[in-house]
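Chemist: These are the residues of each chain, in order.
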Amino acid sequence: MLVIVAKLVARRLLAAVPILLVVSALLFCVLRLLPVDPAAMSLPTTATIAEIEAKRREMGLDRPLPEQYLIWLSDALHGNFGRSIQFGREAGSLVAATLPATIQLAGAAMVLAAIFGLGGGLLLFHLRGTWFEAVTDIVSILLLSIPEFLWGLILLFVFGVALHALPFTGAVSPNLPQPHVTGFLLIDALLVGRLDVFASAFRHLILPALALGLAFSPAIMRVLRSSLFDVYHEDYIQQARLRGLSERQILLGHALKNAALPTLTLAGVQFGILFSGTLLVEVIYSYPGMGNLMVDAVRNADLPLIEAIGLTYCVAVLLINTVVDSLYVVLNPKLRVR
Amino acid sequence: MLALEARDLTVSARIGAATVPAIRALSFQLAPGKILGLVGESGAGKTMVGRAIAQLLPPGFAITAGALLFEGEDLLTMAPARRRALLGRAIAFIPQAPMTALNPVLTIGAQFDEHLARLGLKSRNARRERAIAMLTAAHLPRAEDLLTQYPHQLSGGMCQRALIALAFAGNPRLVVADEPTTALDVTMHPPILHLIAEMQRQHGTAVIFITHDLRLAAQLCDDVIVMYAGRAVESGPARTVFATPAHPYTRCLQLANPAMSAERRTLYVLPDQMPSLVQLQHIAGCHFAPRCPLVTAECHREEPPQVAVTAVHTVTCIRAADTFGISTAGRSFGPPALLEQPLLRVENLSKHFAISRGLFGAARTVAAVNDVSFTIAENEFVALVGESGSGKSTIARLLVGLEQPSSGRIVFDGADLTTPSLRNRTRRAASLQMVFQDPQSALNPRRPIASIVTQAMEAGSRHASAEDRLKRTKELLAEMGMPADIAARLPGQLSGGQRQRINIARALCRVPKVLIADEIVSGLDVSIQAQLLSLLARLRAELGFAMLFISHDLSVVRHLCSRVLVMYRGEIVEQGPVEEVFGNPQHPHTQALLSSVPPDEPGATWPLLRAN
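So the sequence lines, in the order shown, correspond to chains A and B. Numbered according to my numbering, the first sequence spans residues 1 to 338. Numbered according to my numbering, the second sequence spans residues 339 to 950.
Hints listed in this document are in silico derivations from the structure and should not be mistaken for laboratory results. There may be inaccurate statements among the hints.
[As the list claims (entries may be wrong)] Covered by chain B, per the in silico footprint, the following chain A stretches (three or more residues, Cβ under 8 Å): (1) 85-98; (2) 245-259; (3) 262-276.
[Unchecked claim] Beta-carbon label-pair distances, calculated as ranges: (4) A:Phe-229 with B:Pro-370: 48 to 54 Å; (5) A:Thr-182 with B:Ala-705: 55 to 61 Å; (6) B:Asp-806 with A:Arg-11: 39 to 45 Å; (7) A:Val-315 with B:Gly-727: 23 to 29 Å.
Computed from a prediction, not measured in an experiment: that's the story for all the values here. From the three backbone atoms N, C-alpha and C, an ideal C-beta is built for every residue, glycine too.
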């Protein structure tokens, strides 16, 4: 099985190359077509036309677009995404500094989405055929239609502003130090032994993670329920009953593993969307992740930074899909063909 | 003590506000170590009996009266926990579709382990050894390896062996086998039945064997109950019942089934079909009366009583004395086909499919059809037989142009149809038409019947007018022996037999020269099959067309076709006139296929079932 997973990963990584090339070219072209002049932006407002022209030549902006792209590409392959216009720092290092926070948020949100999704799906399935089913149907559709930023605002007002129960700005209390070892704040706090920092970071993570998790769990919930419905019509469930297995054994031992397959497919797609969903939630909670950086970059037309972040999102989604497909192979024996 | 006894068992279904009995007042006694056959067509209520034993009835159905005693204890009044404790231990089930009855994401070993743990085997090693022993007893080679395999890595026959091993693992006192061979290839039938009989003898188990196959029931069962529309119409020792049937339904079913040995005769065509539960509400008196050839006015008056033919043989019919008089005439075959002038000539036809081995592996091909040559003459019905996967359907698809051959020629009327050209395409469409196996999926569910059967009139540049199409629809429906008001209905509103007629009618819209029929009667009940086979014979006489009849059912082939092609692994291994090939088969595969059919005579022995 390991061999098959390894083969799949290798195939996926190979396929990722052309995808990344296309995405980067697309990003590059679209950004160059914007009516902004990076040369003018990087100079003081008092600069003369001649100075701007000189800067343009220096930055290579006078060359044809394909050539510009190739230069950018070869730099990017060497890990150099250019200098951020607004911060004056390497775009790559800016992304690297904020990426762990976003991964931490997305990971926590995914765990919550999985818990709510599985729990909710099982609950919905358990309530099938009762009068309560109609109620849960309506509630789940209602939940399905609330996007993550609305959850963000609702939770912020209820638990942050009204109840003062949880913090809702930043990643940790401003009066606490931010240790930096791996970049993942929760891990770093434990590594340096600052439980107070860990507790604060954890409390800061709750609301944004909850907002994302709540937004993405209803879809998982509904797919799990309908997959379970389908599985319960299969012969092997009937046959398991005829062997005298209890309903509990049938659900946990036979149905859930089969119903997990379509659910996992959806969860994989969802996680890709969830990762981009961090953007708005980070803005709402002033969470110092890649999403906030992206908003900053867009607002200031910081082209190198936008390109770097855009590519990072793309790589993240490709990686997530590869992981999900590998999991799929692990769960579904029919895919384990050599 | 009896293994199972039913006393006036009644299962009812709720239809709207009414309650309609799906099984009415069924009584039988099954002694330990005996096999009781429940025989009849679909809708007779056979499967419902098995489900009643486990109390797993479909939604809307409930047991409304009677008793079902398992070793003297009533299963119906028993506490659910007590009943569940019996399932899998004392009462086991062998399913109809083995491939789907095993959980696809669990290994065979895991499924055995779970079951054996429930049976009380504490240690993992003991369970493993018991599983290997049971699989070996079911004649599965390399049982240790099998434990680590998943159901999709096994053939249908192997899955069924594993399920039989699973069923007998707990030394059950009662086993319910519901059509255990129907989903398998013909050559798998004898070994699977043999295994069930062997296990049953070894464990001294009582078996309820549900089947639609009268000849099979005669061979396997000690006693049989023939069921019709929820009622036991005839019961007694299997061989007695089928040698001297007393109920007209039993007799008609026998005569509707084409024979394998005796002289060819016309099939008895029972009109219409078994009444549905909705229709049953409106039938007074005997349920079979509307289709019965011996019906009298009295039959409609009240339900017939159960009468004893002999001490052990009972029948529910007031005209039982005349049953044996029902018969069919011998039949002559139409004029001999002009074999010297073949209409369709297939020469060295091959089809290879590439199986991709992923990005890094080299591409491999498999030959689905390998160097196949045959001819079909005008008006000739030629059969193509073989097991699933032998390449029969690929040939059909190649003939009608759904697949392109890798090499070889298909010559029709002197022209090679494999040369791609518009002319060949129209020629092919006009002269070769295909009837697909499953009318359920072959007919567009959103199109009314009139539009479906005249679909061919939409082809080409000239669209036929609505009046023309309606006129043709009426002609075709009349030809098929169906009422004209069906034209406006949708396929979903028709019965299975009616849908298959529409499926055939569509192919006959512009009477083709050759009809290619892919398993068009398999899966249909015997009486519906007889209707369709007679229809095809009549249509040939009236319209004149040749047919390539793809089938796995040799008795049907013997009845309908004059020549037969036997396929095995993509090649035609034997061909010739049906009498010659069936009378003196040369190829081992033809011999295997022929010996898989139970004998016609209820008294004859079937060597494959008795052999060890």
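Chemist: Look at each hint and say if it fits the structure.
Modeler: Here's how the hints hold up against the structure:
{"no.": "1", "hint": "85-98", "verdict": "violated (count 0)"}
{"no.": "2", "hint": "245-259", "verdict": "holds (count 7)"}
{"no.": "3", "hint": "262-276", "verdict": "violated (count 0)"}
{"no.": "4", "hint": "A:Phe-229 with B:Pro-370: 48 to 54 Å", "verdict": "40 Å, violated"}
{"no.": "5", "hint": "A:Thr-182 with B:Ala-705: 55 to 61 Å", "verdict": "58 Å, holds"}
{"no.": "6", "hint": "B:Asp-806 with A:Arg-11: 39 to 45 Å", "verdict": "56 Å, violated"}
{"no.": "7", "hint": "A:Val-315 with B:Gly-727: 23 to 29 Å", "verdict": "44 Å, violated"}
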